[in-house]
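Just so we're aligned: 137 in numbering that gives the first Met the number 0 is position 138 of the sequence shown, and the numbers increase by one with no gaps anywhere.
What the hints contain is simulated information worked out from the structure, not anything from laboratory work. All of these numbers come straight from a predicted model, not from anything done at the bench. Heads up, the beta-carbon is just placed ideally off N, CA and C, and yes, glycines get one too. Take these hints with a grain of salt, some might be off.
[Unchecked claim] Once the Cα atoms are required to be at most 30 Å apart in a straight line, the calculated DSS-like pairs of lysine-lysine come out as: (1) Lys96 x Lys54; (2) Lys127 x Lys107; (3) Lys107 x Lys54; (4) Lys107 x Lys96; (5) Lys127 x Lys100; (6) Lys96 x Lys127.
[To be verified] Ranges between beta-carbon positions, derived for each pair: (7) Gly71 x Asn125: 20 to 26 Å; (8) Gly110 x His12: 17 to 23 Å; (9) Pro132 x Val14: 30 to 36 Å; (10) Thr33 x Pro81: 20 to 26 Å; (11) Ile129 x His69: 16 to 22 Å; (12) Asn125 x Tyr10: 31 to 37 Å; (13) Arg29 x Arg121: 31 to 37 Å; (14) Thr74 x Ile129: 18 to 24 Å.
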Amino acid sequence: MTNLTLVVSQYMHEVYNHRLRFGRPVQSVRIDRTSSYSAYEPGNVFGYIRWQRDKYGTQDWRIYVCRAAHDGCVTRLPGITPGADVLFALHGSSAVKRMLKHIDVLEKRAGDLEQISPAYWRQLQNAKSIRRPAHALSASLSPVLEV
Numbered sequence: 000m001t002n003l004t005l006v007v008s009q010y011m012h013e014v015y016n017h018r019l020r021f022g023r024p025v026q027s028v029r030i031d032r033t034s035s036y037s038a039y040e041p042g043n044v045f046g047y048i049r050w051q052r053d054k055y056g057t058q059d060w061r062i063y064v065c066r067a068a069h070d071g072c073v074t075r076l077p078g079i080t081p082g083a084d085v086l087f088a089l090h091g092s093s094a095v096k097r098m099l100k101h102i103d104v105l106e107k108r109a110g111d112l113e114q115i116s117p118a119y120w121r122q123l124q125n126a127k128s129i130r131r132p133a134h135a136l137s138a139s140l141s142p143v144l145e146v
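Construct the complete structure from the given sequences, taking the supplied hints into account.
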């Protein structure tokens, strides 16, 4: 039995787009022109976006920031096998759009998003859940910013 967490990426134009936003997989395997799998070792952090629509428009749009886990309690999520430690989760098109902008800013400031401390993602989740502004990314929450 392997300790790797597998994440599926799938794309079909105007139907669904399940993709990685960030993360460094130890291995990626392309299944066909629309699907691939990425494998993460325990402790690796990655961002995963799931979008789906039908003839009426967007039906589901979610973003997850997860840490690959191997033992203990994991949350089962669609597209992630066997599951992961969810550090941040958000759904709804306007909320996800705002979060993607926030992630773009973080990426410009901190660089590698997978190096941001899990504590920051959890703090961000707490701030979003009570509809408060998130604290700025600080050196205490991100080893990337320790200079």
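So, against the hints stated earlier in the document, which numbers end up violated here? Violated: hints 3, 8, 11.
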